[in-house]
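Participant: Residue numbers (this note's numbering), protein chains in the order written: chain A, 1 to 358; chain B, 1 to 166.
The hints are simulated quantities; they were obtained by calculation from the structure and are not laboratory data.
Just to be clear, a hint being listed does not mean it is correct.
What follows is a set of in silico ranges between Cβ atoms, one per label pair, in the way DEER data are often shown [said to hold, decoys possible]: (1) Glu68/B / Asn249/A: 55 to 61 Å; (2) Ile340/A / Ala49/B: 24 to 30 Å; (3) Ser284/A / Glu43/B: 47 to 53 Å.
Keeping only pairs whose Cα atoms sit at most 25 Å apart, straight-line, the calculated SDA-like set for lysine to any residue is [as the list claims (entries may be wrong)]: (4) Lys109/A / Leu18/B; (5) Lys199/A / Lys47/B; (6) Lys29/B / Leu238/A; (7) Lys144/B / Ile123/B; (8) Lys160/A / Leu179/A; (9) Lys198/A / Lys47/B; (10) Lys140/B / Gln152/B; (11) Lys109/A / Phe152/A; (12) Lys164/A / Phe175/A; (13) Lys82/A / Ile17/B.
From chain B, some residues computed to sit far from chain A (all C-beta separations above 12 Å) [to be verified]: (14) Asp7; (15) Ser9; (16) Gly22; (17) Lys29; (18) Lys33; (19) Pro34; (20) Glu37; (21) Ala38; (22) Glu103; (23) Ala124; (24) Leu146; (25) Ser147; (26) Glu157.
Every residue, glycine too, gets a C-beta built ideally from N, C-alpha and C.
What follows is the residue order along each chain.
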Amino acid sequence: MQKRTVVKILLIFSLVFTTGNLFAKESEKKENEGEGGLKERIKEFVDHHLQDSYDFTLFSDEEANKHYGFPLPVILWDNGLKVFSSSKFHHGESVAEVDGNHYKLYHSKIYKTDASGAINYDEDHHATNAKPLDFSITKNVVSMLLISLLMFFMFRSLAKSYKKNNGIPTGVGRFLEPLVLFIRDDIAIPNIGEHKYKKYMSFLLTVFFFIWFLNLLGMTPLGVNVTGNIAVTFALALIVFLITNLTANKNYWGHIFWMPGVPTFMKVVLAPIELLGVFIKPFSLMIRLYANMTAGHVVLMSIIGMIFIFKNWIGSPLSFGLAFALSILELLVAALQAYIFTMLSALYFGMANEEAHH
Amino acid sequence: MEKLINDFSFGLFFWQILIFVGLLLLLRKFAWKPILEAVNNREEGIKNALESAEEARKEMQNLQADNERILNEARAERDGMLKEARQLKENMISDAKSEAQAEADKIVAQAQATIASEKKAAIADLKSQVAGLSVEIAEKVVRKELSGKDKQLELVESMLEDVTLN
């Protein structure tokens with residue numbers, strides 16, 4: 001069973017890399033070289049890494065100006081559905097022409113342009129071109145799909161192993177089961193309560209493993225940064241917000257709009273503050289995860305970049321050691337942030353379900 | 001903040017919601033429910049097993065206590081029986097002793113009475129025999145003494161003498 005999983009993973013990786021090699025492409029060489037240029041390039045690289053992208057670049061050879069990776073489908077809604085491969089953009093260097101419309105990649109966003117690919121700017125140097133509705137399967141979407149598939153097969157096999165092995169997990173399940181139990185016994189039950197935790201378990205388990213695995217995927221050299229993307233954390237926080245408020249009981253709303261046990265004047269003062277809190281709680285979830293993961297990636301990549309800036313026998317090994325230590329720290333942060341997100345979600349669900357105790 | 005809003009991609013948000021909710025529903029049906037159920041069942045099973053083990057242990061204890069009690073009772077009964085038997089034995093011995101004593105006393109008394117009466121009879125017999133003998137002797141003596149006339153006269157005279165003396 002374990003051997004077969006390893007073989008599967010190896011197969012996926014070899015597939016990824018061979019496809020990547022087939023899709024090696026030329027691109028223009030960067031102009032400014034030298035010390036300042038290197039720093040500039042590292043900064044650009046870090047910035048680019050933090051962003052979502054329309055093709056899955058595994059690594060690129062700056063000297064030969066080659067990008068190794070594979071293109072992903074671009075899906076636009078612009079007076080009808082437009083689906084085409086992101087290879088048409090040539091990494092932002094050329095204008096993609098689909099059904100008579102022209103699109104150009106500018107700062108990792110797709111803009112509608114004329115045939116020459118001209119971008120118009122306003123006085124603040126923002127592009128004023130029309131932006132079509134973009135439902136592209138980007139690098140982040142692919143990563144999420146990959147993690148979703150992985151999670152589905154992992155936990156499906158855990159669920160199956162119970163049946164096969166008379167209630168005892170086998171293989172990777174032995175590692176996963178304590179985590180599932182941890183979420184149940186140390187996150188859900190203490191925060192939500194013995195009687196009501198069951199209906200939230202699916203969400204808590206899914207969100208914990210989803211965030212954790214994506215954080216870990218961000219630690220791989222594949223260079224994905226899903227949980228450090230504001231749209232992703234916003235979506236997760238929105239789901240928490242919806243679940244919290246849709247399952248809240250009377251007591252919860254009572255505490256928000258008409259706080260019991262305080263003078264009437266205070267009730268009037270507290271109501272808007274409490275109402276604001278309803279939105280701030282998921283908002284803090286969104287910002288916390290985004291900021292932690294983004295900051296981690298920026299710091300780690302900057303330190304890795306320092307290895308190439310120093311280029312001597314003291315600075316580079318020092319930077320390497322620092323990057324190594326920080327990677328280990330980031331592994332901890334990956335789990336910690338997933339834990340905190342799950343834990344706080346459970347706390348909010350618990351608040352929404354608290355019974356009156358006066 | 002402006003950067004955040006600029007970074008926000010609606011497409012990614014859309015896919016994220018879609019993928020996450022889909023994953024949530026799929027996992028709930030195919031993974032979380034069976035996993036949590038299996039874990040729950042196992043925990044229930046362990047709890048039940050522990051409870052029944054505890055019960056069995058208590059039963060065992062009760063049984064042991066019962067055994068102990070029965071054993072004690074039996075021991076007490078045995079002790080009582082032994083005591084009783086000892087008492088009985090002592091009683092029997094003392095009874096027999098006193099009975100034998102009484103019998104012996106009776107026999108001795110009877111023997112003594114017999115001896116006394118025998119003695120009396122013997123003495124009486126002896127007396128009568130002595131009397132008879134003395135009469136015979138006296139007769140024979142008298143006969144011999146009074147065989148001649150002189151001697152008869154002499155006797156009468158001596159007798160007469162005695163009488164006068166008296």
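Participant: Now look at each hint and say whether the structure bears it out.
Facilitator: Quick rundown of the hints versus the structure:
1. Glu68/B / Asn249/A: 55 to 61 Å: holds, 58 Å
2. Ile340/A / Ala49/B: 24 to 30 Å: Roughly 37 Å apart at Cβ, these two residues miss the hinted range, so it is violated.
3. Ser284/A / Glu43/B: 47 to 53 Å: With a Cβ separation near 35 Å, Ser284/A and Glu43/B fall outside 47 to 53 Å, so the hint is violated.
4. Lys109/A / Leu18/B: holds, 21 Å
5. Lys199/A / Lys47/B: holds, 23 Å
6. Lys29/B / Leu238/A: holds, 23 Å
7. Lys144/B / Ile123/B: This hinted pair is violated, its Cα atoms lying about 30 Å apart.
8. Lys160/A / Leu179/A: OK: Lys160/A and Leu179/A at ~17 Å, within 25 Å.
9. Lys198/A / Lys47/B: Holds, at about 20 Å.
10. Lys140/B / Gln152/B: holds, 14 Å
11. Lys109/A / Phe152/A: Not satisfied, since the Cα-Cα distance of roughly 31 Å exceeds 25 Å.
12. Lys164/A / Phe175/A: Measuring from Cα to Cα gives roughly 17 Å; hence the hint holds.
13. Lys82/A / Ile17/B: Holds. Lys82/A to Ile17/B sits at ~22 Å (cutoff 25 Å).
14. Asp7: Given that some Cβ of chain A is not farther than 12 Å from that of Asp7/B, nearest at about 5 Å, it is violated.
15. Ser9: violated, 5 Å
16. Gly22: violated, 8 Å
17. Lys29: Per Cβ check, Lys29/B is inside 12 Å of chain A; nearest 9 Å; violated.
18. Lys33: Given that some Cβ of chain A is not farther than 12 Å from that of Lys33/B, nearest at about 8 Å, it is violated.
19. Pro34: violated, 4 Å
20. Glu37: violated, 8 Å
21. Ala38: violated, 4 Å
22. Glu103: Nearest chain A Cβ is 90 Å from Glu103/B, so the label holds.
23. Ala124: holds, 121 Å
24. Leu146: Given that every Cβ of chain A is farther than 12 Å from that of Leu146/B, nearest at about 151 Å, it holds.
25. Ser147: Consistent with the label, Ser147/B stays out of reach of chain A, its closest Cβ about 152 Å off (over 12 Å).
26. Glu157: For Glu157/B, whose nearest Cβ neighbour in chain A is about 157 Å away, the distance exceeds 12 Å, so it holds.
Against the hints set out earlier in the document, violations occur for numbers 2, 3, 7, 11, 14, 15, 16, 17, 18, 19, 20 and 21.
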